[in-house]
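FYI, the numbering for the sequence shown is 930 to 1063, going by this note's numbering.
In short, the hints are calculated from the structure, not lab data.
All residues carry an ideal CB built from backbone N, CA and C; glycine is no exception.
Among the hints, erroneous ones may be present.
[Unchecked claim] Derived lysine to any residue pairs resembling SDA-like cross-links, with alpha carbons at most 20 Å apart:
| # | residue 1 | residue 2 |
| --- | --- | --- |
| 1 | Lys1035 | Leu1005 |
| 2 | Lys1035 | Asp1021 |
| 3 | Lys1035 | Val1019 |
| 4 | Lys1032 | Leu1005 |
| 5 | Lys945 | Glu960 |
[What the hints assert, rightly or not] So the derived label-pair ranges between C-beta atoms look like this:
| # | residue 1 | residue 2 | range |
| --- | --- | --- | --- |
| 6 | Val956 | Val1016 | 19 to 25 Å |
| 7 | Met998 | Glu970 | 37 to 43 Å |
| 8 | Glu960 | Ile1063 | 47 to 53 Å |
| 9 | Pro984 | Glu1029 | 27 to 33 Å |
| 10 | Gly990 | Lys1032 | 19 to 25 Å |
| 11 | Ala1018 | Ala954 | 17 to 23 Å |
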Amino acid sequence: MTFGASETPPSVPAKKKGLARIWAATVYSAEGLRACFRSEEAFRIESILSVFLIPLAFILGETALETTMLLFPIVLVLLVELLNSAVEAVVDRVSLDYHELSKKAKDIASGAVFISLMTFLLIWSVLLFDRLPI
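Modelling step: build the complete structure from the supplied sequences, incorporating the hints.
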């Protein structure tokens, strides 16, 4: 972004230091989670499912490793969905007009969500089907 001779850039607040910086980062993170939960249906659904799946992972995991293996894809899906939502927000901020590169960026981010969901299904299926008496 460039500014003309008569324009001044918007003021940027001074960076916080120490515990104030950590607190501010925590507040910004909570605001991001809240914004995504409010505006993204997929993130809402995945968040609500995780409320049930996280305790289930502790119930079904027979060892610490199994429990961790069940928890990992839940967190992965939420993390990738947050990043997907961020990509979509930035692309929409640039322009709401259709552009092939905008579509490409959104499709790639969506592909990452798909891979995280497939990872979830694979890991949960392997660990749960391993317990079936066959």
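These are the hints, each one checked on the structure:
Proximity of lysine 1035 to leucine 1005 is assessed by CA-CA distance (about 18 Å); at most 20 Å being required, the pair is judged to hold. For a cut-off of 20 Å, the pair hint linking lysine 1035 to aspartate 1021 stands: about 10 Å separates their Cα positions. Proximity of lysine 1035 to valine 1019 is assessed by CA-CA distance (about 10 Å); at most 20 Å being required, the pair is judged to hold. A C-alpha spacing of about 23 Å is found between lysine 1032 and leucine 1005, which places the hinted pair above 20 Å, so the restraint is violated.
Taken as a hint, the lysine 945 and glutamate 960 pair is honoured in the structure, with Cα atoms around 18 Å apart against an allowance of 20 Å. With their beta carbons about 23 Å apart, valine 956 and valine 1016 fall inside the hinted range of 19 to 25 Å. As the Cβ distance of methionine 998 to glutamate 970 is approximately 28 Å, the hint placing it in 37 to 43 Å is violated. Checked against the hint of 47 to 53 Å, the C-beta distance between glutamate 960 and isoleucine 1063 comes to roughly 48 Å, which is consistent with it.
The supplied range of 27 to 33 Å is broken by proline 984 and glutamate 1029, whose beta-carbon atoms lie about 44 Å from each other. Checked against the hint of 19 to 25 Å, the pair glycine 990 and lysine 1032 fails, with Cβ atoms roughly 40 Å apart. Between alanine 1018 and alanine 954, the C-beta spacing of about 19 Å keeps the proposed range 17 to 23 Å intact.
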